[in-house]
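There are 2 protein chains.
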Amino acid sequence: MRAELLIVGSELTSGEKLDTNGQWLCSRLAGLGLPVRFTTVLGDDLEDNIAAFRAAAGRSELVVSSGGLGPTQDDLTRDALAKAAGVGLVQDDEALGMIEALFARRNRPMPDRNRIQALIPEGASILPNPTGTAPGIWMKVDRARVACLPGVPRELKAMFDQELVPRLKAAGLAGRVVVGRTINLFGLGESEVEARAPDLTARGRVPEVGITASDGTISFRIRAEGADEAEALARIEPTAAIIYERFADLIVGEGTDDVAEGLVAALRSTGKTIAVAESCTGGLIAHRITRIDGVSPVFPGGVVSYANEAKSELLGVPDDLIAARGAVSPEVAEAMAEGVRRRLGADLGLAVTGVAGPTGGSPEKPVGLVYLGLADASGARSRRLELGPEQPRTVIQSRASKHAMNWARLALLGKLP
Amino acid sequence: MRAELLIVGSELTSGEKLDTNGQWLCSRLAGLGLPVRFTTVLGDDLEDNIAAFRAAAGRSELVVSSGGLGPTQDDLTRDALAKAAGVGLVQDDEALGMIEALFARRNRPMPDRNRIQALIPEGASILPNPTGTAPGIWMKVDRARVACLPGVPRELKAMFDQELVPRLKAAGLAGRVVVGRTINLFGLGESEVEARAPDLTARGRVPEVGITASDGTISFRIRAEGADEAEALARIEPTAAIIYERFADLIVGEGTDDVAEGLVAALRSTGKTIAVAESCTGGLIAHRITRIDGVSPVFPGGVVSYANEAKSELLGVPDDLIAARGAVSPEVAEAMAEGVRRRLGADLGLAVTGVAGPTGGSPEKPVGLVYLGLADASGARSRRLELGPEQPRTVIQSRASKHAMNWARLALLGKLP
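Going down the list, the protein sequences come from chains A and B. The C-terminal position of the first sequence is numbered 417 in the UniProt record's numbering, with every residue numbered one higher than the one before it. The C-terminal position of the second sequence is numbered 417 in the UniProt record's numbering, with every residue numbered one higher than the one before it.
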């Protein structure tokens, strides 16, 4: 079964607006067992719209469009669909009655131009719009079913669920459901992860497994289909188990969970607390931890020790240590971690000091050089990262924060060598 | 001139991820006089990709693709483009050298599978990627120019501007330019701003002015076209001058500059320093300040005083004041601001304490109640914000951080009552 989308609007092709209907429809259709193969975004041009409807109806069993159903001159979907199907436009009295009733409910006279919204291609039927003036269209063109929905996301979503889904089921199009599960890991590069999982990502494997990378976090995306959600999830389970067995401690969480969520989960499961001392990450670790609700039992706080005086005044790092080793050094990272742990009475102290750039680098301490410090009751240790030199500042800050949190997470789980 | 886009990735057609490269490319190409007619989003399927490249190259003069250039098995762009053009793949030694050099700079061995990224269709040339492993491709197919860029947005944007734009100009494809200028302000609602600018936002005005709101920041977007960038910018200037005159101190910056950039500019222009004490914002203010390069002369650091002990231990807030007034109170906000100012020897101390939710609210102190504290040599003051109760935690944190930074900015500029 092939489904495809036509997303219509010149405000989209000009780049002024970001379309989100396409993603929503892709996700909803996939869940109905109707995966989308193509989405075409196009402007308010009649010839382009006719060609797009023709091409889509010629190669897919289901075509869903968004936009172009309003009352203005640049709303061309009715026209384009009729011309693509080789039929004329006719007035639908039910649609006209609905539009008139909507204006009556709002105590406003119906502008003449809204009558155009009651026109539909011959042979089509309408999809009622419970909240707006634009009715949708439901039609067979060649062997394809075509559904036209308005571009307003709230209207599109309500009509999809209330009007289109029952018609898809009645037409025997929507059957099986497709469900996805995402497992996120950190600490290996994308190609290293794939090298350890060629059996999982092989083309044609069932269930299908994809790998994506975002800001250093690698995600396995598993998708399976079934007669219902429970069946599809059950098909995913053995693959998820392989990933959990093979990547074990590298896994930070599922869904949208990233390293910070993994660290907080490890803190909660071990009953430990952590305090952070941040130089080059400038508060990003504290921010990522405190975005999560309910962390106060495990996170007393932190220090952003940007200036050397902050390192000595707030963390008790000796001035002569900074003078002898430099602020970006393993010794200072360890002293920061010890200092913040002691000052805040935490079980763990985690520190980051480095050169985030783009300025401030030197041949000995280039942009991207970062030292992490980790202190607990038994003492402190440090770790060196090289995250530059060509990466932008915000990437270096983000990666450094993730490496630091992941290191603390592994320490909590007893997984450090 | 017809341009079109191919946006490749099964994580997009499945609805798991929202594409933003398409909008960015549409906007940038429109600015080069190359409006996009079609954007096709498609999955990692070889036949679909070959067909999409063939169709695009057959009807458009410029085709830009995003994604599918990584080292894994589901990265099919190289293959698909070669098959669409009817040629084979060859190794590009320059590309291989670049990939090897990137791994060498990162002191990591190059996995064998990354060699595949140095393959390009016969007759193509590479688009160097300054920050990632995936080189782009630049090729003529029939009469169309085809540019393949990686899907990572940061890499795509850098390569578009640095590598593709010069080639488009050299090929005589880029013509009249459309230029935009964005002026950002904070402290008024979108409808209040619009009510003060009906002359600017009138339809048909030249240059065109739009208003958008994002996370409390209101942006005027002015667009004009010209034979070159200088001419287009000159057309924008008188409108920008009206906005600056009318909104004066509300303006925090241009382009991507937001409240943090406005605060740092005010610190630099006045030669003052600021230290921050954050409870409910949890490091977000420090993070937003330290995202900006070169702030160490104006920002010594801060404290994330999430637990009450952190407020007393690191900021010297008296325990009995917290017990008497509560951690979320004007008195504690002022004491936090005074404490961080003194401890870090800064000119200004800025503090935030509040209830970010979703839990922890009470009838007297509901979710969204936030107190700001601001201290300087003459003493401390506080301000009450009500940002909830129905907003999510991350929105309350973001708005509180912006209100705090904007308050400090206005204080530095001598604009507080």
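What the hints contain is simulated information worked out from the structure, not anything from laboratory work. Don't take each hint at face value.
In this list, chains with the same sequence are indistinguishable; a pair is considered to hold if it fits within one copy or across any two.
[Stated by the list, open to error] Each computed DSS-like pair below joins lysine-lysine, with the alpha-carbon atoms no more than 30 angstroms apart: (1) 272 to 365; (2) 272 to 83; (3) 17 to 157; (4) 169 to 17.
Status of the hints after comparison with the structure:
1. 272 to 365: between (34 angstroms within a copy, 29 angstroms between copies)
2. 272 to 83: neither (62 angstroms within a copy, 57 angstroms between copies)
3. 17 to 157: This pair counts as both: shortest intra-copy Cα distance 18 angstroms, inter-copy 18 angstroms.
4. 169 to 17: Answer is between; shortest inter-copy Cα gap is 26 angstroms, intra-copy 33 angstroms.
In the structure shown, a violation is registered for the earlier hint numbered 2 alone.
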